[in-house]
Amino acid sequence: MAILLLLPALALVAGVFLWPLLRYGWLSLQASSVLTGLVPVPNGGANWQRLLADGRFWQDAAQTLRFAGLSLALELLLGLALALLLHRPLPRRGLVRAVVLLPWALPTTVMALGWRWILNDPFGPLNGLLQSLGLPAYGFLSQPATTWLFTVLADVWKTTPFVALLLLAGLQAIPSELEEALRLEGAGPWQRLRRLTLPLLAPYLLLAALFRLAQALGVFDLIQVLTGSGPASSTESLALYAYLNAMRFLDFGYAATLMLGMFAVVLGLSALVLLAQALRRRLAEMAP
Amino acid sequence: MTTAGLHCEQLSRRVGDRLLLDGLSLSVAPGESLALLGPSGCGKTTTLRLLAGLDPVSGGRIRLDGEDVTHSPAGERQVAMVFQSYALYPHLSVLANLELGLEVRRVPAPERRRRIAEVLALLQLEGLERRRPAQLSGGQRQRVALARALLRQPRLMLLDEPMSNLDAQLRDQLRPELRALLHRAGHPVIHVTHDQQEAMGLADRIAVLEGGVLQQVGTPQELYHRPANLFVARFLGRPGINLLAGEAGVQLAIRPEQLRLVESGGLPARLLRREWQGSQQLLWLDTSRGELLLLAAADLTPGEQLQVTWKPEDELRFSSASGERLA
Amino acid sequence: MRSAARGAMPTALPLLAALTWSLLPLLWQLLTSLRTPEALVLQGPSAWLQGWTLANYRQVLQGDPPFWRYLFNSCLVGAASTGLTLLLAIPAAYGLQRQRPALRGGISLLLLAAAMFPYVLLFLALLELARALSWGNQLLALALPYAGLSLPLAVLLLRAAFADLPAELEDAARLEGLNLWQRLHRVLLPLLAPAIASTAILVFLFSWNEYPIALTWISRNDLLTLPVAMARIAGSSVYAVPYGAFAAATVLGGLPLLALVLVFQRQIVSGLTQGAVKG
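Protein chains in written order, with my numbering: chain A, 703 to 990; chain B, 149 to 475; chain C, 57 to 335.
Worth flagging that the hints you see were computed from the coordinates, not collected in a lab.
The model shown is predicted, which means the values in this text are computed figures rather than measured ones.
We treat Cβ as the ideally placed atom computed from N, Cα and C, and that holds for glycine.
One should not assume that every hint holds.
What the hints assert, rightly or not - To give an idea of the chain C side of the interface with chain B (calculated C-beta under 7 Å), a few residues:
#, residue
1, E224
2, D227
3, A228
4, E232
Chain A extracted, bound-state conformation (with noise of 0.2 Å):
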């Protein structure tokens, strides 16, 4: 009976969620494009064997694992940060929380597009400021070595209240008691931090680590609208190049296949932080 109210949900997620990747295990074992006349015609594992020896493949990736990381270490620490501080006794804390909230809640696009004008060469205020610091300006979204950087810190701005919050509900999980007993006890505020409060955090950190990760290694949107994958395809994330091959060259034989290698990253990325964590509670189990 309890079972018949789930039914329909599940039947939604199901199609949203595992038709695609049935779908994509197929399609990357056809050829499907402009040339076939995007009639599906089997190709044996010719998808593959391409995806493997695609240098742009494993650039895209390498570039994406590159943003992925800093984002989420940054994130993180921003947001632990932000975490402890709105913890605090604050005044006015819901209006303090909706501000902080406030980038999360914009869309990616609509910021983007913010940031484009903020890191504008060279009429932008970040340039403005650079000058009147008798500095010259600098091609933030134009250097091929430095502009992913950018596209971190707006990425960073929009999702570390996510984190915050995340990390908050944790912080508010812990009982004011034990804190006390360890300030009881002597323990200054930063062992309080490392003996009891990181600790005691770690399920909550392992979660929004495990999902801004998952979210990072999808990055579309922010760069899409920010850099367009430029300078030289510096910026451009794996997601980006399955949506040029889905759009623009019209291969989806080889999009499904980029789809399901990008996929395979996610999931390999993901069992590693489990894995890490898993290590480290056994290791920590171990110590005397």
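Following the hints, complete the assembly by docking chains B and C onto the known chain A.
Chains B and C only, in chain A's frame:
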């Protein structure tokens, strides 16, 4: 055998490979009040939920006024229950709490109003109709829950730990009131408790459960003076019953208040400790037959040499192997 | 008094920094939106005395289609997705809570994995479906994938809320003869109202902000949702600098969310934190 009231036979409840209730047979007559007594996890709440139809039975039969309701849905059994938490709908006023059930059973509005006015008067809840449950005291909440149960016009009234959310003083005050009310209402009543004082105060008969198995049913006096087995003997009575070594294969037991101190001719004993309890002292005695507890009015000091005795007919004799009482 | 002042010091500075970090980019958009194109490229302090204008807003609002059209489209899609999600998620959450613990745990884990999934991966297969079913350029059709994508989180949040209700409440209602629909409608859902509000606001935010699916499903100019419209504005002129108009668009596009966040801050926070606690 009459058909009125509750009759259940060989009632069982199994979850996975755990037997929560094992072959319970009970009858409760209209107007009679039965307490299900036992430690936590003994199966008493399970029994209540089976009778209410909240959980499915694994075996056995339940008959209410002659009708087999073993597999009837909860809402169709005409069984009412006062929950431990009272389970008042927190978003509804007292009036709406009472009215909801009548409304879904399509009782016409004038009759609803009449019946609600009746129970409000009976339970002295007039003037509280507009309050939310959160704005009521513990005792008032209990009465609203009781009013809701009475409005069900139940064929069986179940109460799950009805006093456990009240403080001790209120409990003593409400127990006789509740007992009188339930008697007047005239339904068969089963109430679950782990508190023997509450069971004795509220119930005509007590059923002691342990490990999902019924140990004994009877009046409080029967259970106290003629316990069926060692478990019942030890579970009832505060301070607890004294155990003494008997002849081979026999466990002797004697209630503390049946021990007397004598000048001579008794069992020699040394006073180990004492606890002052107001009118009496609770004494721990060391004797050659084991440690004994007894209640005495005398003022004694630890270390004193005493002699203790009792009437042989007050001894309870149990089989050491099975725990059953020997005739 | 002294210790309170000393305690306040370490909070005030980081708080100021956090607020500045969150607000400065937004304030800059507001400022830019009120400046003429000439004023934007002027240097030096004197530039601030002139070049203020509302022309950017006029331009955006009088465009073809006018900007409010995108807001309307996004509202429509957001409302439809939220409604459909709740319609499916509430019974599902109730059903999930009634399952055996092992099955419940398994389904919850799968839902959690789906909630984390980088859904951009799915757009190609979903686009194929939309084409096969002729759902392209149909705003309301977007509610289906949006509901599908939101359901995992919505079901988890509501399941946790059902679990928090005392089981005795529903037992009491069953004994009084309320059927499933009456129990949900009369007893459980009114008590779940805060959790439903939190879930609804999160689903609405997701639908409002969603990009890749709207981008591929909708091509007609007057049917674009806000995020796609913004991206199209950006893509139309990569090297030109009509930033005043861009900024006016970002301000207009951000205002509804600003209002939403200010009004529903509590629900958003509790939704997100509930998700963390029970996830």
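Taking the hints in turn, this is what the structure says about them:
For E224/C, the interface hint holds, since its Cβ comes within 7 Å of a Cβ in chain B; the closest pair sits about 4 Å apart. With 7 Å as the threshold, the beta carbon of D227/C comes within range of chain B, its nearest partner Cβ sitting at about 5 Å, so the hint holds. Taken as an interface hint, A228/C checks out: its beta carbon lies about 4 Å from the nearest beta carbon of chain B, inside 7 Å. Hint on E232/C holds. Least Cβ distance to chain B is approximately 3 Å, under the 7 Å limit.
Comparing the model with each earlier hint shows no violations; every hint is respected.
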